[in-house]
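Asker: Letter by letter, the chains look like this.
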Amino acid sequence: MMFAGLFVKNKQHIKYYAIAGTIIAFIANWYDGQLAGGSSTVLYGMLEVSSVSVLFNGIAIGCTFLYFLLCGSAFEKVGEDVADYFALVFFILAGITLTASFSNLLMLFLAIEIISIPQYILAGADKKNLKSNEASLKYFLTGSFTTGILLMGIALLYGATGSFNIREMGLGTGDLSPLALCGILLTGFALAFKVSAAPFHFWTPDVYDGSPTVFTAFMATIVKAASFLAFIRLFHVSFSEGSITGHWQLILAIITAATLLIGNFTAVFQQSVKRMLAYSSIAQAGFMLFAVVAFNETATQGIMLYAIAYSVATIGIFSILLKLKDYTFEGYNGLARTQPLLALANTVFLLSLAGIPLTAGFFAKYFLLSAAVQQGNLLWLVIVGVLCAAISAYYYFRVIMAMYFKTGDAETNAPITGGYKGLLVTAVAVVIILGVFPGLILQFL
Amino acid sequence: MLTVLLILIPLVTGLITFGLKGPAAKVFSLLSSLASLVVAVIAWQQFSAAPESLQFTQSWIPQLGSQFNVGLDGMGTMLCLLTAISFPLIFITVYNRDYEKPGAFYGLMLLSQAGLIGVFTAYDALLFYVFWELALIPVYFLCSMWGGERAVPVTFKFFVYTFAGSLLMLVGIIYIYFQTPDHSFSWTSFTSLQLSTQDQSWLFWLFFVAFAIKMPVFPFHTWQPDTYEQSPTPVTMVLSGIMVKMGLFGVIRWLLPVLPQGAFMWQEVAIVLSIIGIIYASCIAIMQSDLKRLIAYSSIAHIGLMSAAIFANNEQSMQGVQVQMFNHGINIIGLWIVVEIIQNRLNIKNMSEMGGIASYAPKLAIVLVVVSLANIALPLTNGFIGEFLMFSGLFQYNAWFAAIAGLAIILAAVYMLRMLQKVIFGEANALTATTTDLKSGEMLAIGAVIVVIFFLGVYPKPLLELVHSTTAIVNATAWVK
Numbered sequence: 081m082m083f084a085g086l087f088v089k090n091k092q093h094i095k096y097y098a099i100a101g102t103i104i105a106f107i108a109n110w111y112d113g114q115l116a117g118g119s120s121t122v123l124y125g126m127l128e129v130s131s132v133s134v135l136f137n138g139i140a141i142g143c144t145f146l147y148f149l150l151c152g153s154a155f156e157k158v159g160e161d162v163a164d165y166f167a168l169v170f171f172i173l174a175g176i177t178l179t180a181s182f183s184n185l186l187m188l189f190l191a192i193e194i195i196s197i198p199q200y201i202l203a204g205a206d207k208k209n210l211k212s213n214e215a216s217l218k219y220f221l222t223g224s225f226t227t228g229i230l231l232m233g234i235a236l237l238y239g240a241t242g243s244f245n246i247r248e249m250g251l252g253t254g255d256l257s258p259l260a261l262c263g264i265l266l267t268g269f270a271l272a273f274k275v276s277a278a279p280f281h282f283w284t285p286d287v288y289d290g291s292p293t294v295f296t297a298f299m300a301t302i303v304k305a306a307s308f309l310a311f312i313r314l315f316h317v318s319f320s321e322g323s324i325t326g327h328w329q330l331i332l333a334i335i336t337a338a339t340l341l342i343g344n345f346t347a348v349f350q351q352s353v354k355r356m357l358a359y360s361s362i363a364q365a366g367f368m369l370f371a372v373v374a375f376n377e378t379a380t381q382g383i384m385l386y387a388i389a390y391s392v393a394t395i396g397i398f399s400i401l402l403k404l405k406d407y408t409f410e411g412y413n414g415l416a417r418t419q420p421l422l423a424l425a426n427t428v429f430l431l432s433l434a435g436i437p438l439t440a441g442f443f444a445k446y447f448l449l450s451a452a453v454q455q456g457n458l459l460w461l462v463i464v465g466v467l468c469a470a471i472s473a474y475y476y477f478r479v480i481m482a483m484y485f486k487t488g489d490a491e492t493n494a495p496i497t498g499g500y501k502g503l504l505v506t507a508v509a510v511v512i513i514l515g516v517f518p519g520l521i522l523q524f525l
Numbered sequence: 408m409l410t411v412l413l414i415l416i417p418l419v420t421g422l423i424t425f426g427l428k429g430p431a432a433k434v435f436s437l438l439s440s441l442a443s444l445v446v447a448v449i450a451w452q453q454f455s456a457a458p459e460s461l462q463f464t465q466s467w468i469p470q471l472g473s474q475f476n477v478g479l480d481g482m483g484t485m486l487c488l489l490t491a492i493s494f495p496l497i498f499i500t501v502y503n504r505d506y507e508k509p510g511a512f513y514g515l516m517l518l519s520q521a522g523l524i525g526v527f528t529a530y531d532a533l534l535f536y537v538f539w540e541l542a543l544i545p546v547y548f549l550c551s552m553w554g555g556e557r558a559v560p561v562t563f564k565f566f567v568y569t570f571a572g573s574l575l576m577l578v579g580i581i582y583i584y585f586q587t588p589d590h591s592f593s594w595t596s597f598t599s600l601q602l603s604t605q606d607q608s609w610l611f612w613l614f615f616v617a618f619a620i621k622m623p624v625f626p627f628h629t630w631q632p633d634t635y636e637q638s639p640t641p642v643t644m645v646l647s648g649i650m651v652k653m654g655l656f657g658v659i660r661w662l663l664p665v666l667p668q669g670a671f672m673w674q675e676v677a678i679v680l681s682i683i684g685i686i687y688a689s690c691i692a693i694m695q696s697d698l699k700r701l702i703a704y705s706s707i708a709h710i711g712l713m714s715a716a717i718f719a720n721n722e723q724s725m726q727g728v729q730v731q732m733f734n735h736g737i738n739i740i741g742l743w744i745v746v747e748i749i750q751n752r753l754n755i756k757n758m759s760e761m762g763g764i765a766s767y768a769p770k771l772a773i774v775l776v777v778v779s780l781a782n783i784a785l786p787l788t789n790g791f792i793g794e795f796l797m798f799s800g801l802f803q804y805n806a807w808f809a810a811i812a813g814l815a816i817i818l819a820a821v822y823m824l825r826m827l828q829k830v831i832f833g834e835a836n837a838l839t840a841t842t843t844d845l846k847s848g849e850m851l852a853i854g855a856v857i858v859v860i861f862f863l864g865v866y867p868k869p870l871l872e873l874v875h876s877t878t879a880i881v882n883a884t885a886w887v888k
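In the order they appear, the protein sequences are chains A and B. The opening position of the first sequence corresponds to residue 81 in my numbering, with each subsequent residue numbered one higher. The opening position of the second sequence corresponds to residue 408 in my numbering, with each subsequent residue numbered one higher.
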């Protein structure tokens, strides 16, 4: 994709090359899964191809494919360098595939950076917009700061264990050295920054709000899910043996509760749907943190379902947002009358985010709650989680109320083509089918 | 397969109805509801002949051990019958009303019917939860889109209340699921599980709050009067006639057999809350001037009595509750039919603006009197036997509780007779003098209600026999374990 801009003159065609690229990547990933069978390591043991990584990569590539289809045309409106934007998204995708299969801390560092640097650029892609510039700078500064913390954490872990390999660090045996403990805390905090968990979430609303909407859709979904997978891999493989878990589980549980409460309560007071989605992404991050805190098989199943349910629904919502002129709640007033299909699709996506049964979001939440309940000592966190889910219904339903029960003429600023409608219906079908038969995804694990 | 058909008919026809326009939507949904009624009656017959043929199990999510397991016991059959009778009555009552976007309106109504039947037939806890929510979502849209001026915020409050309660129940379901040896959601696994007393103690509240919100029991009732008032009447009929029974049903099907010790520990608290609700709601009902709110508060009082009787821990009260679930459904739908007719004619809800209707619409006045008397459980009406059994059961448990709850009978007579006096007797005004009497469609709907009222008032045996098996199961599994 890097060179696509050199050869393709018509900017509108670049999207099709990108779509073809995701299809090739998808096939390659599937082939990789077939080749690896159960599990295998490559690159001197630095990467591990397993059913989890293959499935997650499949979900990430599939969601990127859907993202290109639904939001691809909006790339042209951001600026001149359309081919570069697509290329940057592919770079991020490359980083995502590494997060799903790293087995070495250096590879984790590389993966996080490969994901982050293109995002700093994409956040500032709308060069003439001051908010976009601010978002980019803010993201870059906080991101660089986090990188430093992550690197420090990795260095301390190496110092304590003498290994970068997450399976060979042997943290669970013997007494835990203060060095290792600091390393765990620092890597934990750095990853909490990346997934915008409270109290490290302050960059999120401004960056998501300031970035061109089309890129926010990508940052808030697939990228976030990937960061969670990195989180899970590191904590579940290296930090979950012996008595070590006790050191970080309570801290992470408190971070989870804080993320849920702050994300949900702040989202309630937002006036713009885009900003509400930014805060809701913090709230959803709180739910996804359940998967990290509860380290069991159900958690892995849950994060897979969450990745697909949350990504498809949020990409769908953002793609509809991109078509609207006004991003405030009032901008949605009467959408059900002017664009019934858009309103219906948006409703299904919002119901999925709220976790209503018969949508994929329900089973995503169900598995993560199950994982936490199974853990036994986290029931208080589960109760906080479900009460927050009830609060989340408030802001998601505000959009539904605006679309269906308020009078107005929600205006669109882009043509709503038949093809786009067809894609939306497909995305809705995915959400509902996975809401009835979540086993369709889980069978690959 | 009959049980699956009961769910599938409204589900599929509901989805089809979304695509229909104009009168086709109401005709189609009426036909669909009649088809459901026929299947429900056949299922009822089948229940007495070969009950095991009504069970249906199909693998659903093997990774979770959840099955699509539906079936009918006596109580389930009775509630499915109530649902199947109610929907045609509702559709006939509003047949002459023209709703905006009829396809969506009737489609959502049928989807809520599918959800309700699903709740009453599910024998898998996860499936039960899914149907529980499926019944809620269409009602949310129905109330918000076709309700009164304040419908949107009011319905939203109702939704958030119920959703929060449901989520707490979900946590309880997940917890119990992990305790089952075979990791299954099936009713059999849940009920055969021996949970520790400590677990049952807190799990009780997770379930009870969800059911108490739905019933509603004091202090979880605050959503109810506003929602009943603001909802369009057909939806209020669904809510008060059938949906509140979901809470009572949940207690009998899931709470008592799964958490018997929890229920035993907290039964007194539950009864006291229910009795507070009875007295409190009856007193407020007396002060109401809005007809819809009066009926809403009277419903809180009636449901409160049923909730108290469930926890009274004996066979008579349990049988009384189940019989009353059916009879209350029929009576309150009858009341709402009359309210809908009055509202359709006069477009007012305030009782101080009414009066003298009896002179201009005598048939309407007679049916309102009959339904009101059934609602206060006069002997020879269907309400009597249920209330008698419930009070008798409550008396066996604690005479004081029965005495205080018994005040509800007097209070109910006060507010219902006061309502009758204000609405149909007295001086007519310019508006009420224009009231026309019942039309043939309305006569058909309310006539059917009155036939049921008198038939079950004189001969309640079929109903008692139908629910007898469930009472036996609950008493065997719930209190003895």
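Mixed in with the good hints, there may be bad ones.
[Unchecked claim] Think about it this way: if two alpha-carbon atoms lie no more than 25 Å apart in a straight line, the pair counts; the simulated BS3-like pairs of lysine-lysine are:
id, chain 1, residue 1, chain 2, residue 2
1, A, LYS486, B, LYS846
2, A, LYS207, A, LYS218
3, B, LYS770, A, LYS501
[What the hints assert, rightly or not] For each label pair, taking beta carbons as the anchor points, the in silico distance ranges come out as:
id, chain 1, residue 1, chain 2, residue 2, range
4, B, ALA883, A, LEU520, 47 to 53 Å
5, A, THR487, B, THR843, 46 to 52 Å
6, A, VAL122, B, PRO560, 53 to 59 Å
7, A, ALA235, B, THR595, 52 to 58 Å
8, B, HIS875, A, LEU467, 49 to 55 Å
9, B, PRO560, A, THR492, 25 to 31 Å
10, A, LEU467, B, THR595, 29 to 35 Å
11, B, LEU415, A, LEU467, 57 to 63 Å
12, A, SER320, B, HIS875, 51 to 57 Å
13, B, ASN757, A, VAL348, 34 to 40 Å
Because the hints were derived from the structure by calculation, they are not lab data. Note that beta-carbon positions come from the ideal geometry of N, C-alpha and C, so glycine has one too.
Asker: Going back to the hint list, which numbers does this structure go against?
Answerer: 1, 3, 4, 5, 8 and 11
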